[in-house]
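All chains should be built: construct the whole structure from the sequences, respecting the hints.
For the record, the sequence lines run as chains A and B. Just so we're aligned: 721 in the working numbering is position 721 of the first sequence, and the numbers increase by one with no gaps anywhere. Just so we're aligned: 328 in the working numbering is position 328 of the second sequence, and the numbers increase by one with no gaps anywhere.
Hints in this document: simulated from the structure, not taken from any laboratory. Don't take each hint at face value.
You can't tell identical chains apart in this list, so a pair holds if it fits in one copy or across any two.
In silico DSSO-like cross-links for lysine-lysine, where the CA-CA straight-line distance does not exceed 30 Å [stated by the list, open to error]: (1) K722 / K113; (2) K297 / K641; (3) K170 / K113; (4) K352 / K550.
In this text, all values refer to a predicted model and were calculated from it rather than measured experimentally.
There are 2 protein chains.
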Amino acid sequence: MKTTKVSELIDQVRREGRVSLTEAESKSLLSLYGIPVVEEAMVLNEGDAIVQSRRMGFPVVLKGMGSRLTHKTERGLVKVNLKCDDEVQQAFRHIKEAAGEDWEACLIQPLIKGTREFVAGMIRDPQFGPSVMFGLGGIYTEALSDVSFRIAPIDEFQANAMLDDIRACKLLGAFRGEAEVDKKQLVQVLTGLSRLGMDYPEIKEIDINPFIVMPNGSIKAVDALIILADASEIPQGTNLAGDSDHEKEIRVALDTMMHAQSIAVLGATAPRPNFPGIFECVRRFGFSGRLYPVNPKAQDYDGIKFFPSLSSLPEKVDLVILSIPAPLVPDALRECAATGNKNIHIFSAGFKETGEEEGIRLQAEIETIAHEGGLHVVGPNCMGFYVPASRMLTWTDASAESGPVSLVSQSGGNAQDFTHYISSTYGIHFSKCISFGNALTLDSTDFVDYLAHDEETKIITMYLEGVKDGPRLLRQIREISPEKPVILYKSGLTESGARAVSSHTGSMSGGEMIWKSFFKQTGAIPVDSIEEMADVTLAVHHIGATQGRKTTVIGIGGGNGVAVADSCARVGLELPAFSPELTTTLRKSIGIDGSMIRNPIDSVIAFASLPVMGETLELLARSGEIDNFIISMSLDWLTLKKEKSGTYAETIASYLADEGRKHTHGKPLIAVLRQYQPDPAIKECIPLVEKILLAGGIPVYKSLSQAVSALSKVVAYNEFCKRAYTTPDSRDEDRVALA
Amino acid sequence: MKTTKVSELIDQVRREGRVSLTEAESKSLLSLYGIPVVEEAMVLNEGDAIVQSRRMGFPVVLKGMGSRLTHKTERGLVKVNLKCDDEVQQAFRHIKEAAGEDWEACLIQPLIKGTREFVAGMIRDPQFGPSVMFGLGGIYTEALSDVSFRIAPIDEFQANAMLDDIRACKLLGAFRGEAEVDKKQLVQVLTGLSRLGMDYPEIKEIDINPFIVMPNGSIKAVDALIILADASEIPQGTNLAGDSDHEKEIRVALDTMMHAQSIAVLGATAPRPNFPGIFECVRRFGFSGRLYPVNPKAQDYDGIKFFPSLSSLPEKVDLVILSIPAPLVPDALRECAATGNKNIHIFSAGFKETGEEEGIRLQAEIETIAHEGGLHVVGPNCMGFYVPASRMLTWTDASAESGPVSLVSQSGGNAQDFTHYISSTYGIHFSKCISFGNALTLDSTDFVDYLAHDEETKIITMYLEGVKDGPRLLRQIREISPEKPVILYKSGLTESGARAVSSHTGSMSGGEMIWKSFFKQTGAIPVDSIEEMADVTLAVHHIGATQGRKTTVIGIGGGNGVAVADSCARVGLELPAFSPELTTTLRKSIGIDGSMIRNPIDSVIAFASLPVMGETLELLARSGEIDNFIISMSLDWLTLKKEKSGTYAETIASYLADEGRKHTHGKPLIAVLRQYQPDPAIKECIPLVEKILLAGGIPVYKSLSQAVSALSKVVAYNEFCKRAYTTPDSRDEDRVALA
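Laid out in structure tokens, this is it:
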């Protein structure tokens, strides 16, 4: 949607050697994109100033203009609230005198009055490119940083969501006798900024501060600044359309690697005590294809024949794993290229991640080799692939079972820890795991693209520190997440990289806020640790669609009634009071002795009698007052009674896993196991109870806060999906805009 | 510091049947307390208005006044920026006309110009009484709720802290060419409001909105409202001086109960399967005094002789425990009073906590009986006492060991869970635990008073839902906490009780913000769950004084480097980069292969060689760049190597617990155990490693986030203590003010 006028204006500013547009130029450019700016006129003498003032209507504002003029307010070059010819004339003289040689003209505007001021802008995030900002304006912009961001392009729905995001959003409604802000106009501003950011990579930053809201609710941009990028900063070919041939090539390469029939391990050795080495790990996991150890110096063991080099192998292999010292990697890659072995996992560390000069140099060297040789490289500094179905693994003790979850992890340690943890804690297994480290040629987006097309992957989990092509990741995950939930552990969020900034918009951007927008825009589920990623994966895996936030907790013993309310409130779940009708019905069913017929329900009887538990669930589910169920099981109490088949806790678990869960009519049912007594016999029943519940598809957690946090994230994800499905137009529009 | 003038003014308003002071009255009262208010004059005719305007200097503001006038701005009764005689005259006419019959006079003020506006006020919190508020003013008060509270009385130090508390505190500094706000003046306002709140229980609310900051930094209250309390609302005898005889009597009674030589259990029965009953619990724990089961209907067991009634006992007992149905409690209490048995624990539930009419009635009945009989009652609806040294316990399986921690818990369930959990998890034991339920006559403050005087209690832990005498709790904990740390789990913080409010100040008060102030003012350490209370108690128990927030993490394996930085940043700990000198020194000691000489340090070598670990700690401790040490032990790695004496993890733990911790020179050393691999052998070594570390006085946690959170709270507590000790004057002043 580029316009000739804008391009001409930008060219002219460049020709004049300026890096920013004047206020007048900035506003005229913005108005071309539908942004309401205050009327204004340039005047060169007192007479014109008076004529223009009369035309606009008093009171007016007069400002001194000049390319060398800065700090206008401090220098007395801005005169406001001029009410008559005389005042305009005097102001003109003062300004001209104060500006001296730097004076070029005066700008005249009608005075815009309004108590509410906002700010809007556009910045370029180093990872995600053009991003739109909206927030509280005036003196509060700096003092409060009450702003929200969205990565461009944004549609009207997203622009509206930005407005609701700021803490001061109350000010957008009718306020103290002034009308509600014209949201349509505001949305037009934000989508206009988005389009400007997408259309003109030459524009580095736009800062509109303030927007004044007039008493009738309409808005005007009163001051604006547009800064251009240095030629060197202008993003090159953002490749928005996507290179589908290249994407396809990478998908095929990844598919070959993940279903490798042949693997060569360079640097293979006999296992040392406690350190089996990569080759032995792959072998022990039972890789079913042809496995070639390559090492000219290795000693034979276990009857294994070592090969001296890649070229001595009887075939080109589907995957080469480099497990050799970093300084030897360049030559090894050259050999890969020469022998036509293009699919490579570099396990070796000692590159850019060291932060040391030599490591950085080595990485640059192998990057060149990889690009020139057309190699597909996973790594360096990573664990590569774990694919149970292909019997591929580069570490030890992982589950041999396949499952619905896939993992893309920048860290090898986290890949091992997460897969170990979720398999052994929750019995959830994996389809494909890729640990990709320094991302020499293949980055997270390549793996996400592969997994998006992979039918065996139902849930995508990710650990990321950064991403090379942010806009691509945004598009991918927004596309995928309504069908395949994406659970993303993004670390480094609190690090605010120091950045040179030239305006308010710039100073308030920065990693954390942009990533927060990313989650809102894509529906990716944010988690903050490996343990939380496992908790949420468990909930996503077992809970289907959710209907809302209204939650009940049924528990026994412990003084945790108030704590339940606190925990729910902290994560945004509702714990509604039951209606009088429902309370009466429940009282009839549960009885009263030792039971609190409130939400949370504290009832010994519901736990003592399985039919009562079932009826309680049934009544609650059918009341329409409850969307989600949490059963808080105090094992200290529920193990007192012994049954033939084990503890009573196991009896309850079996009931919930089978008959009980039917009574919730598909609404989520989650269990929490509370256990505090030191008796080891009670602790021992925990894994038994967990196993029964998990086998019945009931997520089970060790604390209420874990349970409500995981549940609230699944509910929020479902809300995103619902919006995504019910606003197909806006999504289609986006796709068009991206095409 | 009451003044006759203020009392007279209040009396006059009451006589006139008004509930609030006029704007002019409010401001004149405030100015008596040192609060700068805008100059003003009441005028009854145009001539006077012009005379006063000239005297004050143009521009001025004119407002219509009248006891029936509300919504002045909307009705056009406020005219600002009047610049000359004519404008004043016209404004006067307009206002008089618009107000019609309700007009009584006009108020005239000089126009106060300033871009920064604040709000201040005083409210009465139902639990804590007069509380002072400060925040962002103007239209942003409602929209942003950027306010801070302190419970009165406050001194200058606390008033200053309030200013730093608001998010927009930047606006208090020099800002856009305007001077720094005169903080001395602001502090005078806040302490003045505090004194007004303390001096006049008749004043219900004060609302000053806005305070305008003039360009030179000085402030003026431009609008103010003072609301009086209904006669029924005026707090009666707040008992600030403390009734030391009564306090002493209760301390003696509690001491008798906690060191009881004789206990009678009313409602004692033979144990049933799985439910031993209170009597049997006390007996099994080995109570060493004389234990009397009282129950006319009970059957003998185990050769135990039952008594039919209290009066049939051979002596008055130190403690009577009532374990009988709620409806029988009133008669039992009457018998206690009649037999001179004054120390009572009512275990029975079924009172106010049910929320049912009958329960509420029963509680009112027993309250009367208790007060008339001068009974000291713990409960009802609680577990009473757990005192290991006296062999007193009303539940099962508690530790028989004594320790330095005492607990005051409103919930019996939480008392059991917390004591079980911390004893079995961290090997920390108790001196005295009191679960007090519905607080019929004895409340948390009585127990805190006792524990404050108890030499065996070194750390006080508390679980509270509410408190009867908030001001007393505030004074107590502020006094105690610098000597005995108080760790407080306050639940119900997110419940914002609906309250009738009549001004901005009122609408923004409410439980959560007042409790937050409570923590800041007392140094009590806030926690949000039983588990966190245990984590923090562990840290407080083992860590002495801390020096600052600069922390280092030494770890091995796992992709948690970035996560460490995130975790520290979230709780306000610093993870500083090492100086080049320290980096060089460390590199020499640790070497480079496989180690990252950064903070966090990821070093296999430091773990592989104990002398290197020791030297690393020594170098860091002596560098002055680090205040706190966290050792993150990956058991998945550290158990690979087997030693004669067990796993290598145990060897490292033993080293740290003995030699290693000496190298930190008294700076806190905390361990984190990471364990993800499913191998049960690795899991099994966790309790062994924990035991070694705990025995060596090293707190040990299962996750980094637990460790940094607990550490950050101990650091914040030490910062509070340091301030408390270094500002003795301000504390003494408070004491005088309270006396």
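Here is how each hint holds up against the structure:
1. With identical chains, the CA atoms of K722 and K113 are never at most 30 Å apart, being 41 Å at best within one copy and 50 Å at best between copies.
2. In the homo-oligomer, the alpha carbons of K297 and K641 lie at most 30 Å apart only across protomers (27 Å), although the nearest pairing inside one protomer, at 65 Å, exceeds that limit.
3. In the homo-oligomer, the alpha carbons of K170 and K113 lie at most 30 Å apart both inside one protomer (20 Å) and across protomers (26 Å), since each shortest distance falls under that limit.
4. For a Cα distance limit of 30 Å, the shortest separation of K352 from K550 across copies, 27 Å, qualifies, whereas the shortest one inside one copy, 49 Å, does not.
Violated hint: 1 only; the structure is consistent with all others.
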